[in-house]
Structure formats: structure tokens, C-alpha cells
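2 protein chains.
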Amino acid sequence: MMGCVPASASPDPRADAGRRPIGVFDSGVGGLTVLHELLVQLPQEDFLYLGDTARFPYGERSPEELARFSSQIAEELLRRRAKLLVIACNSATAAALPILERRMMETTLGVDVLGVVRPEAMQAVAATRSGRIGLLATPTTVASGSYERAVSSVDPHVTLQAVACPTLAGIIQAGEQFDERAVDSVREACLPLREADVDTVILGCTHYPLIKPMLQRMLGPSVTLVSSGAALARQVEHALSTRGLSNPRQHGEGDYRFLCTGEPESFRELGTRFLQMPLGEVERVELQSVEALA
Amino acid sequence: MMGCVPASASPDPRADAGRRPIGVFDSGVGGLTVLHELLVQLPQEDFLYLGDTARFPYGERSPEELARFSSQIAEELLRRRAKLLVIACNSATAAALPILERRMMETTLGVDVLGVVRPEAMQAVAATRSGRIGLLATPTTVASGSYERAVSSVDPHVTLQAVACPTLAGIIQAGEQFDERAVDSVREACLPLREADVDTVILGCTHYPLIKPMLQRMLGPSVTLVSSGAALARQVEHALSTRGLSNPRQHGEGDYRFLCTGEPESFRELGTRFLQMPLGEVERVELQSVEALA
Chain A
20 MMGCVPASAS
30 PDPRADAGRR
40 PIGVFDSGVG
50 GLTVLHELLV
60 QLPQEDFLYL
70 GDTARFPYGE
80 RSPEELARFS
90 SQIAEELLRR
100 RAKLLVIACN
110 SATAAALPIL
120 ERRMMETTLG
130 VDVLGVVRPE
140 AMQAVAATRS
150 GRIGLLATPT
160 TVASGSYERA
170 VSSVDPHVTL
180 QAVACPTLAG
190 IIQAGEQFDE
200 RAVDSVREAC
210 LPLREADVDT
220 VILGCTHYPL
230 IKPMLQRMLG
240 PSVTLVSSGA
250 ALARQVEHAL
260 STRGLSNPRQ
270 HGEGDYRFLC
280 TGEPESFREL
290 GTRFLQMPLG
300 EVERVELQSV
310 EALA
Chain B
20 MMGCVPASAS
30 PDPRADAGRR
40 PIGVFDSGVG
50 GLTVLHELLV
60 QLPQEDFLYL
70 GDTARFPYGE
80 RSPEELARFS
90 SQIAEELLRR
100 RAKLLVIACN
110 SATAAALPIL
120 ERRMMETTLG
130 VDVLGVVRPE
140 AMQAVAATRS
150 GRIGLLATPT
160 TVASGSYERA
170 VSSVDPHVTL
180 QAVACPTLAG
190 IIQAGEQFDE
200 RAVDSVREAC
210 LPLREADVDT
220 VILGCTHYPL
230 IKPMLQRMLG
240 PSVTLVSSGA
250 ALARQVEHAL
260 STRGLSNPRQ
270 HGEGDYRFLC
280 TGEPESFREL
290 GTRFLQMPLG
300 EVERVELQSV
310 EALA
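From first to last, the protein sequence lines are chains A and B.
All residue numbers for the first sequence refer to the numbering used here, where the first residue is 20 and numbers rise by one.
All residue numbers for the second sequence refer to the numbering used here, where the first residue is 20 and numbers rise by one.
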């Protein structure tokens with residue numbers, strides 16, 4: 020199923036395996052904050068990012084739809100020789116991570132799939148001294164209880180104060196993170212976290228790193244902020260080195276390229292602000308229907 | 020001289036002293052990256068920022084001019100009851116810090132003045148493990164030798180590899196930090212630092228924190244980047260607590276306001292990108308000529 024990569028694309032799957040890119044995907048540009056951290060922490064690696072902008076947002080989609088979309092995207096990234104997959108999207112991680120993990124492990128390639136949520140939970144539990152962690156996320160993510168489960172599976176004695184932020188991701192996506200409305204939203208979101216006296220806060224939405232300075236200021240300098248990208252970078256590094264798949268590049272940085280299912284030009288414009296680095300070429304891609312793969 | 024604050028503005032200089040703002044100044048918007056760090060690290064403090072945009076840039080001015088400009092600005096900030104002054108500008112620090120320090124200490128207010136350069140040198144020396152530090156700065160700053168002197172006064176056994184970047188501040192100020200020309204400039208600047216195998220790099224220009232992710236990626240994740248703002252925040256905190264001048268605010272954040280000598284609207288537009296936080300009101304200010312003060 021997932022592993023049927025054409026023989027022509029990869030004559031010997033182990034040959035030169037470390038030089039293959041890491042595949043990262045999301046429903047849109049939000050996951051670029053995750054890619055940003057990966058580019059900084061793993062400069063020697065090549066990356067291939069796919070934003071499913073034609074079907075953005077994923078928030079209100081059914082788990083079945085998201086599992087299907089994620090499978091299509093994974094197939095596309097594997098076709099382009101990804102050596103590891105990162106799901107840089109909360110909704111897709113919740114809906115599709117176990118399915119993709121199982122499929123990847125069934126293939127001869129044995130490609131690892133890492134999602135958000137669990138790496139952040141692990142890093143937050145490691146960072147907290149008081150045992151009181153906060154979470155800022157979209158209402159859907161908070162309602163899913165995925166961070167509660169992840170945190171308590173790492174340490175059942177740690178408490179999680181979750182705050183649903185209905186407007187924040189939209190404000191950031193619209194580029195309005197520096198206006199008064201944004202400040203009020205962020206202040207409102209921080210209030211229950213301050214009252215709960217948390218010492219560590221998980222940024223449970225890929226958009227939130229763009230307002231990290233404001234959050235840090237409102238929560239106070241002693242609070243540790245944990246974002247998906249930084250937490251994932253460690254796990255990606257560990258997974259690659261365990262499998263002997265680290266890129267052997269000694270000098271210079273790797274390259275990074277972009278695919279999207281919607282309009283490339285708007286992806287580029289919006290994306291630069293999220294990546295906070297130069298965004299090179301963006302290629303429009305047609306995903307094969309998952310039925311064709313079954 | 021500098022301390023002749025009108026009696027009406029401060030009937031008792033010690034009363035409620037901690038509630039007075041911290042004054043920060045620069046030739047333009049560059050110092051807002053310093054203010055950014057101060058806002059994040061010292062959220063309980065109030066700040067008053069003055070950008071001398073009408074006389075920007077300071078780079079080619081004579082030391083005498085800069086000492087005069089800095090004195091005028093210091094006087095304006097003291098008139099507005101600043102409890103501590105931060106010179107968030109390399110050129111002004113080099114030209115005016117000793118003069119301002121002396122003047123401030125002669126007054127009854129005893130207001131501390133902190134500049135860039137020395138705090139970064141101290142933090143870089145504390146951070147390096149190999150004893151090899153790099154410096155990125157404008158040609159004028161590199162030529163002044165101020166960082167070399169500051170580093171060797173902290174630890175004469177530490178070596179400093181300085182790289183003059185003639186175009187970088189201009190590229191960043193023009194908002195072109197994400198284009199190919201910027202990437203090439205940054206890569207070129209990083210090359211001698213990589214060759215010198217430094218483990219710590221001083222960002223010796225207030226504009227450079229805006230390209231920190233790119234620098235971190237090109238220098239590698241194990242290199243520590245030291246910027247003026249983060250280094251200054253510690254010293255400001257220390258100076259205030261030593262003098263019993265920390266703001267006693269317990270809850271919420273302090274406010275921050277802006278003065279500029281040029282056009283307020285262009286200051287606000289450019290400033291938001293440098294502050295990376297909402298920029299509130301900007302007031303145009305006429306500085307008194309220093310002759311009138313003498």
C-alpha cells in the first residue's frame with residue numbers, strides 16, 4: 020500500500036539513504052514554524068515540505084478524511100524519496116499518526132513517522148519543576164484531550180491547565196498579531212495560566228511560535244515555552260541517528276523545497292512570515308486519490 | 020548640568036523611584052531589538068524609547084557630534100523621569116558612554132547608564148568553552164576595536180574573530196532579509212567564523228537579531244549567539260535591584276512608549292517589524308540644543 024514506491028525512484032532503498040530529504044507536511048503554512056526549528060536545529064539535512072493548502076483548514080474535517088488526506092500526502096512524499104515523515108499539524112497527528120505509523124512499519128522502507136503532541140508533552144514534563152504545565156491550543160485540540168493523554172502517559176502526577184483559544188490562530192494567520200485585538204486575546208489566554216501558576220506552557224498550535232515574545236512577556240521570563248518544532252527536532256535527530264540515516268553532509272546547509280496543493284504564490288507570500296527565512300521555489304502538486312493507492 | 024530636572028517633575032527624587040520608566044535610545048529603529056528583549060525579560064518595568072530618526076544614521080557622525088546628541092537625548096529622557104538609561108546603539112555607546120556615565124554620576128539622581136558592547140563581551144566570554152569568539156558588526160564598529168578591548172578586558176586569553184558586514188544592516192532595514200542577496204551576505208559573513216571554529220558569536224549590531232534564525236542555521240546549532248538585548252537585560256536587572264529601583268508591580272506588564280525626532284508614522288511602520296510586538300503611540304519630540312543645557 021504505502022510502501023509501493025516505484026523501483027525506478029529508488030533502485031536500492033539503502034543506498035545513499037542518509038542523503039534523502041525529510042518530509043514535513045501540514046494543512047497549510049502553520050507547519051512552517053515547525054520546519055523553521057528543524058532548519059535551525061538540523062542544518063545539514065534536506066527538507067521537503069508539503070502544505071495541503073487546497074483543503075485548508077483541517078480543523079473541522081472528520082478523522083476519516085484526515086487519515087485519507089495524510090495517507091495521500093505521505094505517499095507523495097515517499098514517492099519523492101523522503102527518509103522520515105513529520106506531521107506538523109495537530110489535527111492530522113490526532114487523526115492519522117497511528118495509521119501512518121502502522122503503514123510505514125509494514126513497508127520494507129521502514130520509514131519513521133513523527134507527529135506533534137507527544138514530543139511537546141515529553142519536553143514539557145522534562146522542563147517543569149512544579150509539576151504544573153499549561154497548554155494553549157485551538158478548541159478542537161483542547162477538546163480532543165490528546166495533550167492530557169500524552170502528558171499523563173509520560174508522568175501521571177503532572178497536571179495540565181488547558182486553555183482553548185478560538186481566535187488566536189486566525190489572528191496570526193491574517194497577519195494581525197501585533198494589533199490591539201491580538202494583545203487582548205493573548206492576555207486573556209494567559210490569565211488562567213498565570214492563575215494556575217504553571218511554570219511550563221505548551222504551544223499546542225503551530226501558529227503560536229509567531230507570538231512567542233508576547234507570550235513570554237505576559238507569562239513572565241521564568242516560564243518555559245515548549246513549541247512543536249523545538250521538541251520535534253530532537254526526536255527527528257534521534258530517530259535518524261538510531262537508523263543510521265543522518266545526512267553525511269559535512270559543510271554548508273542542506274536545501275529545502277516546497278510543495279502545495281493550492282496557489283503557489285499565496286503560499287509563498289504567507290509562508291515567508293511563518294518560516295522567518297527565505298522561501299525558495301514552491302511547486303504545485305496534484306495528489307493522487309487514496310482509492311488509487313488501495 | 021544633566022541632572023537639572025525641574026523640581027515640579029520630581030518633587031522628591033527618591034519617592035516612588037521604582038515606578039519611573041527605563042529610558043532606552045538609539046539613532047533609529049535598530050534599538051527596538053534591544054527593547055524587545057528588555058520587554059520580554061523585564062515585563063514588570065515601564066519603558067520609554069527615543070529614536071533619533073531625524074538624524075539617522077549615526078554611523079558616519081563624529082564622536083563629538085554623537086556625544087552632543089546623546090547628551091540631548093539623555094536630558095530629554097531624564098526630564099521624563101527615566102530611572103536608568105540604556106544606549107541601544109553601537110556608535111553612540113562608543114562615543115558617549117564614558118561622558119554620560121560621568122555626568123550622571125555627578126548629579127544627585129545618580130542615574131545609571133548602560134551601553135551595548137560590554138554586556139555582550141561579558142556574556143560571550145561566559146558562554147565560550149573553546150575561547151574562540153566571533154563578532155559580526157558594521158565596518159565602523161569593527162574598525163573601532165571596541166569589542167576587542169571589551170573582550171580582552173574580561174579575559175585576555177579569549178580570541179575574537181571579527182567580520183565586518185558592510186551591507187547587512189541596510190538589507191535588514193529595507194526589509195529584504197529574506198531574499199537571495201541577504202542569504203548570500205549572511206553566508207559570506209559566516210564563512211570566516213566557521214573557518215575560525217568559534218563556538219560563540221556576538222551580534223554586534225542591533226539589526227542582526229532579525230536574522231538570528233538564518234545565522235544560527237549557517238553557524239550550526241552548537242554555536243551560541245549573543246545579542247545586545249539579552250546581554251543588557253541581565254545588567255539592567257542587576258543595576259535596578261542593587262539600587263532598590265526595581266518596579267514594585269506584582270501583576271500585569273508595564274507599559275512602553277515611543278518618542279522620535281523624525282516622522283512618527285514611518286517610525287511606527289518600520290518599528291513594528293523590529294520590535295516584533297505591538298507598537299503603541301509614537302510621539303514626535305523636539306530635542307533642546309545641548310548649548311542651552313551647558
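No lab work stands behind these hints: they were computed from the structure.
Cβ atoms here follow ideal geometry from the backbone N, Cα and C, with glycine treated the same way.
Mixed in with the good hints, there may be bad ones.
[As the list claims (entries may be wrong)] On the chain A side, residues computed to face chain B include the following (Cβ under 7 angstroms): (1) 62; (2) 178; (3) 197; (4) 296.
Hints, verified against the model:
1. Here the hint on residue 62 of chain A is kept, as its CB sits about 5 angstroms from the closest CB of chain B, short of 7 angstroms.
2. At its closest, the beta carbon of residue 178 of chain A sits 22 angstroms from a beta carbon of chain B; the interface hint therefore is violated under the 7 angstroms criterion.
3. With 7 angstroms as the threshold, the beta carbon of residue 197 of chain A comes within range of chain B, its nearest partner Cβ sitting at about 5 angstroms, so the hint holds.
4. Here the hint on residue 296 of chain A is kept, as its CB sits about 6 angstroms from the closest CB of chain B, short of 7 angstroms.
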